[in-house]
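Engineer: Next come the chains, spelled out residue by residue.
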Amino acid sequence: MTPRLSDIWVYLSTTPLLGLTVTLLVYQGAFWIYKRANFNPLLNPVPISVAVLVLILTVTSTPYQTYFDGAQFVHFLLGPATVALAVPLYPQLGKLRRAVIPVIGALLVGGVVAAGSAVGIAWLLGASNTTLLSIAPKSVTAPIAMGISEKIGGLPSLTAVLVMVTGVIGVISAKYVLNFLKIGDHAVRGFSIGVAAHGMGIARAFQVSEEAGAFAGVAMALTALASSILFPLLLWLFTRY
Amino acid sequence: MLGSLTILLVFQLAGEAISHGLGLPVPGPVIGFILLLGALLIRRGVPEELRTTATGLLTHFSLMFVPAGVGVMVHLSRLRDEWLPITVALVLSTLLTVACTALVMSWLMRRFSHKEEA
Numbered sequence: 001m002t003p004r005l006s007d008i009w010v011y012l013s014t015t016p017l018l019g020l021t022v023t024l025l026v027y028q029g030a031f032w033i034y035k036r037a038n039f040n041p042l043l044n045p046v047p048i049s050v051a052v053l054v055l056i057l058t059v060t061s062t063p064y065q066t067y068f069d070g071a072q073f074v075h076f077l078l079g080p081a082t083v084a085l086a087v088p089l090y091p092q093l094g095k096l097r098r099a100v101i102p103v104i105g106a107l108l109v110g111g112v113v114a115a116g117s118a119v120g121i122a123w124l125l126g127a128s129n130t131t132l133l134s135i136a137p138k139s140v141t142a143p144i145a146m147g148i149s150e151k152i153g154g155l156p157s158l159t160a161v162l163v164m165v166t167g168v169i170g171v172i173s174a175k176y177v178l179n180f181l182k183i184g185d186h187a188v189r190g191f192s193i194g195v196a197a198h199g200m201g202i203a204r205a206f207q208v209s210e211e212a213g214a215f216a217g218v219a220m221a222l223t224a225l226a227s228s229i230l231f232p233l234l235l236w237l238f239t240r241y
Numbered sequence: 001m002l003g004s005l006t007i008l009l010v011f012q013l014a015g016e017a018i019s020h021g022l023g024l025p026v027p028g029p030v031i032g033f034i035l036l037l038g039a040l041l042i043r044r045g046v047p048e049e050l051r052t053t054a055t056g057l058l059t060h061f062s063l064m065f066v067p068a069g070v071g072v073m074v075h076l077s078r079l080r081d082e083w084l085p086i087t088v089a090l091v092l093s094t095l096l097t098v099a100c101t102a103l104v105m106s107w108l109m110r111r112f113s114h115k116e117e118a
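Protein chains in written order, with the working numbering: chain E, 1 to 241; chain F, 1 to 118.
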């Protein structure tokens with residue numbers, strides 16, 4: 001029995017089917033827990049799925065590359081999903097137009113603070129150059145942050161991890177920061193979560209109100225857009241002078 | 001479903017072609033996103049089928065972060081070496097970002113929204 005079982009394992013572990021199926025199973029399990037816990041931000045399904053998958057790969061001594069051969073089919077969907085962000089943004093354009101000056105002002109200040117403070121603090125505490133370049137786009141939504149990281153010379157996969165950790169920190173802490181500052185306006189609350197904590201912030205903001213969610217979505221899209229133009233431009237200026 | 005997925009891929013492909021063709025720093029999917037937004041503005045509306053597909057894809061947005069996130073196993077030694085700067089930078093920076101964005105936006109809203117409300 002045992003040799004045949006290991007034959008099956010040897011065969012399956014080399015096919016993309018296994019990595020893909022395990023990813024979907026683990027994620028759905030983690031999402032089920034998240035739903036049961038009333039979407040408690042501490043139980044976000046992404047970090048839990050990642051931890052479980054890393055454990056599985058480590059125990060079975062499967063290299064990341066072998067796993068990714070299967071999981072890349074899920075990873076690939078980040079591209080069309082990013083394009084699809086135009087769809088929920090479209091109905092918000094009118095609302096956005098009315099608050100255009102506050103939105104642009106907050107976007108620029110928030111974006112500069114997000115990247116500047118992360119790089120500054122990490123630099124002060126002695127982080128390496130690769131880490132600095134990978135941490136810079138940490139408040140931008142993952143697919144775009146990874147693209148930026150790649151363009152400016154960071155490690156996209158490290159950036160993806162930093163983006164996720166940032167998202168989790170953001171959805172846990174934003175409520176307390178905003179209450180402390182006595183910010184009651186849902187447009188402002190949603191927008192600031194979206195600037196700081198991208199896609200995870202949107203999901204959280206929609207649980208508060210439609211308005212907060214809509215503005216979080218606008219914030220994520222605008223942060224993505226502004227950063228993908230400004231980051232490489234800054235780096236280009238930086239390396240030039 | 002198939003038609004609207006094809007639309008998304010065509011816009012992404014056009015975005016990638018523009019990004020690489022012109023050597024732009026902006027990732028292809030972002031250009032695809034701008035192109036699609038432009039197309040929706042010209043069309044003055046979102047086709048129902050496209051809305052369904054986009055909503056479906058974005059509902060599972062967080063699933064798509066997982067495969068790249070598992071890449072953390074490749075970076076475990078870096079994270080172990082640099083856990084202090086990374087942790088402090090991420091926590092402080094996220095708190096600062098939420099606070100600064102909210103303060104600037106509510107200040108600007110008080111300054112610039114009065115005319116319309118009056």
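No lab work stands behind these hints, which were simulated from the structure alone. What you are looking at is a predicted structure, and each value in this text was computed from that prediction instead of being measured. Keep in mind that the hints are not guaranteed to be accurate.
[What the hints assert, rightly or not] For the chain E half of the interface with chain F, some residues (derived, Cβ under 7 Å), not all of them:
no.	residue
1	Thr14
2	Pro16
3	Val46
4	Ile48
5	Val52
6	Ala118
7	Thr166
8	Val177
9	Val195
[To be verified] Which bits of chain E does chain F cover? Going by a derived footprint, with three or more residues having C-beta under 8 Å, they are:
no.	segment
10	35-43
11	66-78
12	89-102
13	136-149
14	154-163
Where a beta carbon is used, it is the ideal one built from N, C-alpha and C, also for glycine.
Engineer: Give a verdict on every hint.
Structural biologist: Comparing the hints with the structure gives:
With a least beta-carbon distance of about 18 Å to chain F, the hint placing E:Thr14 at the interface is violated under the 7 Å criterion. Restraint check, E:Pro16 versus chain F: the minimum CB separation of about 12 Å is more than 7 Å; hint violated. Because the beta carbon of E:Val46 sits about 5 Å from the nearest beta carbon in chain F, less than 7 Å, this interface hint is met. A distance limit of 7 Å between C-beta atoms decides the matter here; for E:Ile48 the minimum to chain F is near 10 Å, and the interface restraint is violated.
Below 7 Å, beta-carbon pairs count as interface contacts, and E:Val52 has none with chain F, the closest being about 10 Å; its hint is therefore violated. Interface hint status for E:Ala118: upheld, as the beta-carbon distance to the closest one in chain F is roughly 4 Å, under 7 Å. Annotation: interface hint on E:Thr166 holds; nearest CB of chain F at approximately 5 Å, less than 7 Å. The beta carbon of E:Val177 is positioned within 7 Å of a beta carbon in chain F (closest approach about 5 Å), and the interface hint is therefore held.
The criterion of a C-beta within 7 Å of any C-beta in chain F is met by E:Val195, whose closest approach is roughly 5 Å, and the hint holds. As drawn, the segment 35-43 of chain E meets chain F at 0 residues by the rule of a beta-carbon pair under 8 Å; below three, the given contact is violated. Only residues whose C-beta sits within less than 8 Å of a C-beta in chain F count toward coverage, and the segment 66-78 of chain E has 8 of them, enough to reach three; the restraint holds. For the segment 89-102 of chain E, the proposed coverage by chain F is satisfied: 8 residues have a C-beta within less than 8 Å of a C-beta in that chain, meeting the threshold of three.
Counting residues of the segment 136-149 of chain E whose C-beta sits closer than 8 Å to any C-beta of chain F gives 8, which meets the bar of three, so the coverage hint holds. With 8 residues having a Cβ less than 8 Å from any Cβ of chain F, the segment 154-163 of chain E passes the three-residue criterion, so the hint holds.
Checked against the numbered hints above, the structure breaks hints 1, 2, 4, 5 and 10 and satisfies the rest.
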